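**Q** If you want the building blocks of each chain, they are given just below.
Number of protein chains: 6
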Amino acid sequence: MKHGARNDIPATVTAIKRGGVMAQVEVELVGTTYRMASVMTLDSLEELGLKEGDTVHVLAKAVNVLLVKP
Amino acid sequence: MKHGARNDIPATVTAIKRGGVMAQVEVELVGTTYRMASVMTLDSLEELGLKEGDTVHVLAKAVNVLLVKP
Amino acid sequence: MKHGARNDIPATVTAIKRGGVMAQVEVELVGTTYRMASVMTLDSLEELGLKEGDTVHVLAKAVNVLLVKP
Amino acid sequence: MKHGARNDIPATVTAIKRGGVMAQVEVELVGTTYRMASVMTLDSLEELGLKEGDTVHVLAKAVNVLLVKP
Amino acid sequence: MKHGARNDIPATVTAIKRGGVMAQVEVELVGTTYRMASVMTLDSLEELGLKEGDTVHVLAKAVNVLLVKP
Amino acid sequence: MKHGARNDIPATVTAIKRGGVMAQVEVELVGTTYRMASVMTLDSLEELGLKEGDTVHVLAKAVNVLLVKP
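Chains as they are written, first to last, in numbering that gives the first Met the number 0: chain A, 0 to 69; chain B, 0 to 69; chain C, 0 to 69; chain D, 0 to 69; chain E, 0 to 69; chain F, 0 to 69.
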């Protein structure tokens, strides 16, 4: 599959937290200690069948990426 | 400053492309070869005063991060 | 590939408009006259190699979908 | 009302799921079997007064629509 | 019309900037000196028929609003 | 800190609602009766250490701001 997102990085799932409707998935970018989080519906989580240790790709549309200067 | 985004990673600006209203800023995550892109208004680019080689922080709200399985 | 988006519909590319940094891709949902539009970077457009008549899948994270009542 | 979103499709509410803060509303595009989901706050759900069978319009800003190629 | 967004504030259009695909609309919140900006496609701008001095309502889904602490 | 968002307004936290994974923070723009809401992860809420009465800045990327005409 090819997609229209400019940001696509391999990562390992380190933790999953389930709420009533939403879930939060913590990942660590492969080969780094950088962490990112993704929030999705529980339904999406089930469809993806995600569990700790899984390898995923992290995608974000460039328009939703914010840059800040220290 | 503290912010409510779960994703915050240091990066170096590698390229800037200007359009009529929007600009695209390419960054490389510090210590990696991972690349991300941010699209912002030209006005925001000017306010930030970004140029190649600058260090920035990359932020994305967790709800806007999508995970895909290979 | 599997992804964490709850919205995924087949569509045909009906028009592409290029700007300086961004591109707008118009699609029609397969089997309907419903139209949607996606805005992406020109770089993403090139990587996808999109052209009129192509079949694509339309994805949106559920958190970015707004419902309005007539 | 007129709005600045390029994506606006009639749909029927097929299911509503309530969490502690958020709610997930499943819809089916009118005249099709295509399904989409919207996540909003419980407060928004109450203000809209949504219930199963309601007709709504589905809106997404074009910048938040991702196209993928099979 | 009723919508599922928690953020809806009246504003006056103070400036419009057109690019090749996108447009940037600057607004001032009514009764204040607070300014906000919206980026949309040129097509959306035409459909809305926006011009300087118009009154609009500013909407953002709560999930896309970021809070920062000074 | 400087950021690439065109929308940045001071506000006071008026209410916080916690769910299983997400939290909703209501704010009132300083000097007005305009209200906005932000949805973030509980983790982000804890990191920000937000409580009622706090002053924050409200940020939204211009691409995620929708304008509607009455």
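Since the hints were made in silico from the structure, they are not lab data. The model shown is predicted, which means the values in this text are computed figures rather than measured ones. Every residue gets a Cβ at the ideal spot worked out from N, C-alpha and C, and that includes glycine. It is possible that part of the hints are untrue.
[To be verified] Under the rule of at most 30 Å between Cα atoms (straight-line distance), these lysine-lysine pairs were calculated in the DSS-like manner:
1) Lys16(C) to Lys50(D)
2) Lys16(C) to Lys50(B)
3) Lys50(F) to Lys68(C)
4) Lys68(C) to Lys50(E)
[Claimed, not checked] Restraint ranges, calculated between C-beta atoms of paired labels, are given here:
5) Thr13(D) to Ile15(B): 29 to 39 Å
6) Thr31(C) to Gly52(B): 45 to 55 Å
7) Glu45(B) to Thr13(D): 30 to 40 Å
[Said to hold, decoys possible] So these bits of chain D aren't anywhere near chain A, every CB distance computed over 10 Å:
8) Leu28
9) Gly52
10) Val62
**Q** All hints, please: hold or fail.
**A** Each hint, compared with the structure:
1. Lys16(C) to Lys50(D): violated, 39 Å
2. Lys16(C) to Lys50(B): holds, 28 Å
3. Lys50(F) to Lys68(C): violated, 33 Å
4. Lys68(C) to Lys50(E): holds, 26 Å
5. Thr13(D) to Ile15(B): 29 to 39 Å: Violated: the Cβ-Cβ distance is about 45 Å, outside 29 to 39 Å.
6. Thr31(C) to Gly52(B): 45 to 55 Å: holds, 49 Å
7. Glu45(B) to Thr13(D): 30 to 40 Å: About 47 Å separates the Cβ atoms of glutamate 45(B) and threonine 13(D), which means 30 to 40 Å is violated.
8. Leu28: holds, 18 Å
9. Gly52: holds, 21 Å
10. Val62: violated, 5 Å
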